[in-house]
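Trainee: Since the structure of chain A is already known, use the hints to place chain B on it.
Listed below, chain by chain, are the residues.
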Amino acid sequence: MSDLFAKEQSTLAVFFGRLGRHALRGLEQLGDATRLGLHALSLMFVKPWQGKHYVLQMHALGVGSLAIIVITGAFTGMVLALQGYYTLAKFGSESLLGAGVGMSIIRELGPVLGAFMVIGRAGSSITAEIGIMRVTEQLDALEMMAVNPMQRIILPRIIATTLAVPLLVSIFDVVGIGSGYIVGVELLGVNPGAYMAELIAKIEMIDLNGGWVKGVVFGFLIGVICTYMGYRAEPTTEGVAKATTQAVVISSVSVLIIDYILTSFFL
Amino acid sequence: MIRGEKLSKRYGDIEAVSSTDIHIRAEAITVIMGGSGSGKTTLLRLLAGLEKPSEGHVFYGDENLSSISVKRLYELRERIGMLFQYSALLNSLDVYHNVAFPLHEHTDLDEDVIRTMVSMKLEQVGLRGFEHLMPSELSGGMAKRVAFARAMAMDPRIVFFDEPTSGLDPISAGVISTLIQDTSRMNRMTSVVVTHDVVAGLRIADHVILLWQGSIIAAGSAEEIRHSDDERVQQFLEGRPDGPIPFSRSTTSYVEDISHKPGTVRLDPHE
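Same order as they appear, the protein sequences are chains A and B. For this note's numbering, count along the first sequence from 1 and bump the result up by 95. Residue 225 in this note's numbering is what sits at position 243 of the second sequence, and the numbering runs on without skipping anything.
Please note that a few of the clues may not be correct.
[Stated by the list, open to error] Here are the computed lysine-lysine pairs in the BS3-like style, where the Cα-Cα straight-line distance is at most 25 Å:
no., chain 1, residue 1, chain 2, residue 2
1, B, K34, B, K(-12)
2, A, K147, B, K(-12)
3, B, K53, B, K34
4, B, K(-12), A, K142
Honestly, the hints are just simulated from the structure, not real lab data.
With the rest of the complex left out, here is chain A:
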């Protein structure tokens, strides 16, 4: 009996030991990533200016993600209109469809799904690209050519995600609401005036601001996490693959957690 108790105790000790080690490692990484992000940002005001590289990265990230944002936005708006119409029809409130679609997209789905698409399309490639630069000693080569990789590689990508995500979220919102209109008005017969009137009446400035603030915060978060994971990737092929997977998972979970916190502020 006492043996069984001792065995259970040791199993618990091992479990909590592992949990503790993971938690400590997570906190350590969080601290390290924050330090990397802040260090990179502090280099924004140090010569040589990297303006050209901010624009190049924004172009690569923004234009590269545009197609997936438009497609996701369109189908999100369409399915919302479809689901919303049949739910609202039960209460005879089909005219509220525009407000429902608009609020759902602007407040939540636009920023969150937009961020997810950027993570999948651009975040993973940022991590893989920087990780490969680490494996092939390109980051060291930059160092030896007196070019700070933090300023040249990390900072432009953080700036690009921070500025591009809110813009992509805005495009997602417009496409989503537009496609919701097509399904609701053209296919399901909702009154177009009612759709637009309710949309304009119910959406307030705080909703739009909330969406943009979320976009900026998510963009910054994606930039820091994805560049950090690539920069600190183990310099092996397996290390880069692992870092890329982790970057996608951690960014996605972080977006959801931060989304809850921000939503609680804006409601």
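Mentor: Positioned in the frame of chain A, the structure of chain B alone reads:
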């Protein structure tokens, strides 16, 4: 010119470089040789300032690399070149932009002047006319030569070469060795070459340093190293498998190891 004092570098329990004093002579070619895992590349990276020593200091003249500002470090690096083992060309740039990269970054020269300088550097390595190729389109030898041209782009005072001939065919390796020798002599550069290529190393070296287990076991001119009495030096130069430098790094007996694994037959004949 470059001096390392009591340099140590540890990765966890492994000591890659152990309390080493090293002096790199100005305007000469210093070749650091040693077997795989002897700490050559780590020592080179410590000297280049790419790694921070666990203990000890690296001095460039009177300046301690550990205590100078990042700005000053980058100023120094504008006069330092480095050829990496796997070339480390920037994947997103073609040959021209790779070689021109340091010139674009650190000079205000007109593009025409940069174009001429890049042509000269590429002519030196026999690759003029290949400016438009991307790194993925180059063979190992070509990539090394482009990396060499890039390392020389700013006419550096100091150049570090990490395994410049590894993985190359004998002709390409010979070309690289000759390039190192000729440019070092011509430009009066301080060159530090890490290699385990004994023939090429001894041919180009003004000064040779031999490492084993993170420590210097011999130093001197190529001739002095060739005639060293040290058994370890002779074993390395002749490539003999038997001698004081063991091939096996295992710390426990092989028989002990397999005979104590569950499900294996014990090899003790008395049991």
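Trainee: Out of the numbered hints, which ones does the structure contradict?
Mentor: Hints 2, 4 are the ones this structure does not satisfy, whereas the remaining hints hold.
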